[in-house]
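Asker: So the chains spell out like this:
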Amino acid sequence: MTTSEPLLEARDLRKTFGGLTAVDDVSFTVDRGTIVGLIGPNGAGKSTTFNLVTGFYDLDDGEVRLRGENVADLSPEERSQKGMVRTFQITRELTGMKVRENMHLGGQDHDGEKVLHALTGAPSAREREKELEARAEDLLETLGLWELRDEYAGNLSGGQRKLLELGRALMTDPDVLMLDEPMAGVNPRLTEDLLSMIRDLRDDGMTFLIVEHDVEMIMSLCDKVIGMHNGEVLTAGPPEKVQDDDRLLEAYFGGEV
Amino acid sequence: MAGLDPQFIWFGIVSGSLIALGALGLTLIFGILDFINIAYGEYMALGAFVAFSLNVEFGLPLFVGAIVGALVVGPVAIALDKAVFQHFRNRSAIVLLVVSIGLSFVLRNVIRIVWGSGSKRFDVPIEEAPTYFGVRILADQVGIVVLSLCVLGGTYLLLRRTDVGIAMRAASDDTDLARLRGIDTERLVLYVWLIGGVIAGTAGVMLGLDAQLRPTMGFTALIPIFAAVILGGIGDPVGAVVGGYAIGILQEASVVVIPSEYKPLIGLILLVVGLLTRPDGLFGEATR
Amino acid sequence: MGYASLVVTVAIIAGIYSLLAIGMNMHWGDTGLLNFAHAAFFAIGAYTSAILTTTGGEGLLASRVVGFEFPVVVGLVGGSVLAALAGVVIAVTSVRLEGDYLAMVTLSSAEMIRLGIKNEAWLTSGAQGIKNIPRPMADAFPLQLGSVTVGYDLFYLGFLLVIVAASYLAFTRLSESPFGRVLHAIREDEDVPRALGKHTDVFKLKSFGLGAGVAGLAGALWAHFFFAINPSMFLPGLTFTIWAAVIIGGAGNYLGAIAGTLFVVLTRQVTRFIPGDIPMSSELPFIRLIVIGIALIAILYYRPAGLLGDEERLVAGQMEAE
Ligand SMILES: Nc1ncnc2c1ncn2[C@@H]1O[C@H](COP(=O)(O)OP(=O)(O)O)[C@@H](O)[C@H]1O
Ligand SMILES: [Mg+2]
Numbered sequence: 002m003t004t005s006e007p008l009l010e011a012r013d014l015r016k017t018f019g020g021l022t023a024v025d026d027v028s029f030t031v032d033r034g035t036i037v038g039l040i041g042p043n044g045a046g047k048s049t050t051f052n053l054v055t056g057f058y059d060l061d062d063g064e065v066r067l068r069g070e071n072v073a074d075l076s077p078e079e080r081s082q083k084g085m086v087r088t089f090q091i092t093r094e095l096t097g098m099k100v101r102e103n104m105h106l107g108g109q110d111h112d113g114e115k116v117l118h119a120l121t122g123a124p125s126a127r128e129r130e131k132e133l134e135a136r137a138e139d140l141l142e143t144l145g146l147w148e149l150r151d152e153y154a155g156n157l158s159g160g161q162r163k164l165l166e167l168g169r170a171l172m173t174d175p176d177v178l179m180l181d182e183p184m185a186g187v188n189p190r191l192t193e194d195l196l197s198m199i200r201d202l203r204d205d206g207m208t209f210l211i212v213e214h215d216v217e218m219i220m221s222l223c224d225k226v227i228g229m230h231n232g233e234v235l236t237a238g239p240p241e242k243v244q245d246d247d248r249l250l251e252a253y254f255g256g257e258v
Numbered sequence: 071m072a073g074l075d076p077q078f079i080w081f082g083i084v085s086g087s088l089i090a091l092g093a094l095g096l097t098l099i100f101g102i103l104d105f106i107n108i109a110y111g112e113y114m115a116l117g118a119f120v121a122f123s124l125n126v127e128f129g130l131p132l133f134v135g136a137i138v139g140a141l142v143v144g145p146v147a148i149a150l151d152k153a154v155f156q157h158f159r160n161r162s163a164i165v166l167l168v169v170s171i172g173l174s175f176v177l178r179n180v181i182r183i184v185w186g187s188g189s190k191r192f193d194v195p196i197e198e199a200p201t202y203f204g205v206r207i208l209a210d211q212v213g214i215v216v217l218s219l220c221v222l223g224g225t226y227l228l229l230r231r232t233d234v235g236i237a238m239r240a241a242s243d244d245t246d247l248a249r250l251r252g253i254d255t256e257r258l259v260l261y262v263w264l265i266g267g268v269i270a271g272t273a274g275v276m277l278g279l280d281a282q283l284r285p286t287m288g289f290t291a292l293i294p295i296f297a298a299v300i301l302g303g304i305g306d307p308v309g310a311v312v313g314g315y316a317i318g319i320l321q322e323a324s325v326v327v328i329p330s331e332y333k334p335l336i337g338l339i340l341l342v343v344g345l346l347t348r349p350d351g352l353f354g355e356a357t358r
Numbered sequence: 012m013g014y015a016s017l018v019v020t021v022a023i024i025a026g027i028y029s030l031l032a033i034g035m036n037m038h039w040g041d042t043g044l045l046n047f048a049h050a051a052f053f054a055i056g057a058y059t060s061a062i063l064t065t066t067g068g069e070g071l072l073a074s075r076v077v078g079f080e081f082p083v084v085v086g087l088v089g090g091s092v093l094a095a096l097a098g099v100v101i102a103v104t105s106v107r108l109e110g111d112y113l114a115m116v117t118l119s120s121a122e123m124i125r126l127g128i129k130n131e132a133w134l135t136s137g138a139q140g141i142k143n144i145p146r147p148m149a150d151a152f153p154l155q156l157g158s159v160t161v162g163y164d165l166f167y168l169g170f171l172l173v174i175v176a177a178s179y180l181a182f183t184r185l186s187e188s189p190f191g192r193v194l195h196a197i198r199e200d201e202d203v204p205r206a207l208g209k210h211t212d213v214f215k216l217k218s219f220g221l222g223a224g225v226a227g228l229a230g231a232l233w234a235h236f237f238f239a240i241n242p243s244m245f246l247p248g249l250t251f252t253i254w255a256a257v258i259i260g261g262a263g264n265y266l267g268a269i270a271g272t273l274f275v276v277l278t279r280q281v282t283r284f285i286p287g288d289i290p291m292s293s294e295l296p297f298i299r300l301i302v303i304g305i306a307l308i309a310i311l312y313y314r315p316a317g318l319l320g321d322e323e324r325l326v327a328g329q330m331e332a333e
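Residue numbers (the numbering used here), protein chains in the order written: chain A, 2 to 258; chain B, 71 to 358; chain C, 12 to 333.
For the record, the hints were derived by calculation from the structure and aren't laboratory data. A couple of the hints might just be wrong.
Here are the in silico distance ranges between beta carbons for each label pair [said to hold, decoys possible]:
1. C/298 x A/159: 42 to 52 Å
2. B/257 x C/286: 44 to 54 Å
3. C/132 x B/343: 26 to 36 Å
4. B/343 x A/201: 52 to 62 Å
5. A/62 x C/103: 22 to 32 Å
6. A/185 x C/281: 18 to 28 Å
Here are the computed lysine-lysine pairs in the DSSO-like style, where the Cα-Cα straight-line distance is at most 30 Å [unchecked claim]:
7. C/129 x B/190
8. B/152 x C/142
9. A/99 x A/83
10. C/129 x B/152
We treat Cβ as the ideally placed atom computed from N, Cα and C, and that holds for glycine.
Model the full assembly from the supplied sequences, consistent with the hints where possible.
Answerer: Here you go:
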C-alpha cells in the first residue's frame, strides 16, 4: 500500500431530507495514523456525514473510499468489518445487556457466534471468548468502568454510557474509529486520560475521525481539522490554520443564530 | 383467459365495501393510538351479534338492529379503552398489540358465552337474485354497498369539516406535534374510539349480512383489512378505503386466474408487496 | 386410573406446547422478532411428518396421492427441517420490517399456509385431515416390567420429556452463547450490532429458522401421538396461546416460557378434571380462555417481565439516554 493514499476518503457526499440539504458536496480525506477532527455548529451536518460514511444513511450522491476501495454500496456491517467502526452521538448502548456483554459484542471473527460452535462449545469459541475477556478487562479498567462490569448498561450515567460505547468500539480493533461527540457528558477528570489514550492508540497506528463540540480540545488533539457549516466543508487543514479561519468563526459565533 | 365477468366486479365491489369499511375504522384507531388492535375483529363481531339479538330474538327489523348494533360498539370501545388500553398508554406498540390479543380472547369468548359458538343468520327474506345486465345482484348486497358508501362519505365529511375531525387528522399525522399545538389528545382518543367503534360495528353487521355470524367472523376478516390499512398508509382514511376496494375487486377478479379458494392470497401478496415497496402507503404521506 | 391417564395426556400436551414456547422465546424473548406464524410452523412439522410416515391413496375419499411410509424418525427430522426452512423463507421476505408490520405479515403468511394445507388434498387430504399416523414403537407397549405395566402414553411422555429437556438445554446454551449475545443486541437496538460488523439479517434468519424448527418438531410429535391431524388444529388462536404463555412466563427466560406454558395448558385442560355437572359447565371452555386473556393483560400491567422474567433487565432496558 502506498503511503500517500488516504485511509478514508469522502468524495462529494450529498444528502437531502425533503427540501433540506443536510450534506452538500462534502469531500475530505483522513490519512492513516492521524486524528482528524470534524467541527461545526449544531446542524452543520456532522452526524449526517458520519451516517453517510458508515452506511447508516444511503447516499444521494458521492463516494466513500476506504483504502482506495469504493464502499458506498456496502452495508454498515460490511463497512464495519472492513475496519471502519463508529459510535453514535446519542448513545446507543444496549441498555438491557450488562456492561461486559456490551464489550464482548465488539469482538470480531468470533466462532461462538456460529450456531454449531455455540451449541458444541467449540474450543476455538471458548478461546476467543477468553481473549475478549482479557481485552475487555483492560479497556474497562482504563475507562473506569471495571467496577460496573456486571451492571446493566441502562443503569449507567450518560457519561459512562459514552465511555462504554467507546470501549465497545475499541473492542473491534478498528483501523479507523469514528467518534460522534465522545466526550459529551464525560467526567472532566477522565477526559484528559481519554485524550492521552486516543493519542497512544494513534501512535500505535489507529486512525480517528472525531466530531466534538469543544473546539479547544479538538484543536489540541487533532492533526487535521475539518470545519463544516450548513452542510458544506468551509475549511480543512492543520488546527492552527483552521483556528484562524474567519468563515468558521463567523459560523460559530456570528451571523445566523 | 376468459374475459373478466362483470359478475366478479360486482362481487368485488361488495367485498371491497366490507373491507373498506373495516379498514376505515381500524386506520383511524391505528393512526391516533399507534398500535394494531387485534381485538378490532371482536368489535366487529359484537356489532353483528347485538344486531342479531334485536333482529332475531326480539323480532325487530334488521335496520333497527343494525343501527343499534353499530352504535353500541362505540361506547363499548370507549369503555374498553378506559378499562384496559388507557393503562398501557406509555408502553410500546408491541405491548399494546399483545394486550389487544388478551382482550380479543376475552371478548370472543364472552360472545361465545352469550350467543353460543354456532353460526347464525339474520332474519332477512331469502329472495331470488334479480339480474341486471347479466349481473346477479342481491338486495343484501346493494344494502351493503349503499350503507358502506354512506358511512364512508359521512366519515369523510366528519374528518374534513368538523373541528374534531380536523384535529384527528392532525394528531394522526403526528401525535406529539398535535399535543404541542394544544390539542387535547386524550379527548381525541375518546372520539376516535367512538367513531372507530361505530364503524367497526357497522362493518360487523355488514359482514354478517354478507355471510353468517360466527364469534370468529371479525378475526377472520382482519387480514384483508390489515392489508387495506397498510396499502393505504396507516392513519390515512382515504387510502384505507381505496386500498379496501382495490383488494376486494382484485380478490374477486383473481378467480379468473387462480382457484377461488386462494382468493385471500391476493390480500396477503398485496400486504407483503405493499410493506416491502411502499412502507408509507399508496399515497406516501402516512406517519411511518 | 382414569385420572392418571388424563394427567399423562395433559402432560404430553404441555410438553409439546413447551417446545412451541421455546421456539417462540428464541424469536421474541431473545431476538425481539414478532412471529405470529407459529401455528403454521407447527402445522408444517405435523403434516410433513405425517406425510412422510403414512401411505398415500388411503382413506375414505382416497384423495391423497403422496405418502412415503418412512420410519417415524425420518418424519420428525423432516418435519423440523421443513418448518425451519419455512421460517427462513418467511423471514427472508420480512425480517427487515418494523416490529408490528412483521406481526401482520407473519400472521397472514400463516393463514396462507393453512389455506394451502386445507386445499391441496392430493398432498394433505384437505379438510378431512390425515389419519392413522403411526406411533413410534407402539408394538412394544404395554410393557410389563416386573409387576409394573408401562402404558404407551407414559412411554411417550418420557420420550417427549427427553426431547423437551434437550431442547431446553440447547436453546438456553445458545441464548447464553456469543450467538445469543448478538440476538440480544438485535432485540435491544439493531443498529448497534450492525455498527460492530454483525450481519444482523443473517442472525435474524437463523433465529427464525431455529425457533420454527423446534415448533415443527413439536408438530411432528403432536401428529405421532394423536394419530390424526386436520387443518382446524392450526388456527391463529394457537399462536396467540403460545404468545400468552411466553409473556406470562417471562420473555427471554426459557424456564419462564415453560412455566407460562404449564399455566396456560393447565388452565385450558383443567375442565377435563372437573365433573360435568357443576354449574356453567358448558361455558367452562370459554371461561378458561377468558382467564388466559385476563391473565395476559394483568401480567403485562403488574409484572411486565412475566413470572420468571428479569425485571431488572426490563427496567434497565427502558432507561433511554437523553
Ligand atoms: N433523519 C433525518 N431526517 C431529517 N432531517 C435530518 C435527519 N438527520 C439530520 N437531519 C437534519 O440535517 C441537518 C444536519 O444534522 P446533523 O448532521 O445531525 O448535524 P450536526 O451533527 O452537525 O449537529 C439538521 O438540520 C438536521 O435537522
Ligand atoms: Mg451531531
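Asker: Does each hint hold? Answer for all of them.
Answerer: Verification of the supplied hints:
In this structure, residue 298 of chain C and residue 159 of chain A meet the distance hint of 42 to 52 Å, their C-beta atoms being roughly 50 Å apart. At about 51 Å, the beta-carbon gap between residue 257 of chain B and residue 286 of chain C stays in the expected band of 44 to 54 Å. At roughly 29 Å, the beta-carbon separation of residue 132 of chain C and residue 343 of chain B lies within the given 26 to 36 Å, and the hint holds. Range check, residue 343 of chain B to residue 201 of chain A: about 53 Å between beta-carbon atoms, so the 52 to 62 Å window is met.
Checked against the given bound of 22 to 32 Å, the beta carbons of residue 62 of chain A and residue 103 of chain C, roughly 30 Å apart, stay inside it. A hinted range of 18 to 28 Å for the beta carbons of residue 185 of chain A and residue 281 of chain C is inconsistent with their spacing of about 57 Å. Of the pairs offered as hints, the one joining residue 129 of chain C and residue 190 of chain B holds, with about 24 Å between alpha carbons and a cut-off of 30 Å not exceeded. Note on residue 152 of chain B and residue 142 of chain C: the hinted pairing is violated, with a Cα-Cα distance of about 48 Å set against a maximum of 30 Å.
For the given pair, residue 99 of chain A sits about 27 Å from residue 83 of chain A by alpha-carbon distance, which is consistent with the 30 Å threshold. About 40 Å separates the Cα atoms of residue 129 of chain C and residue 152 of chain B, which puts this hinted pair outside 30 Å; it is violated.
The structure does not agree with the numbered hints 6, 8, 10 stated previously, though it agrees with the rest.
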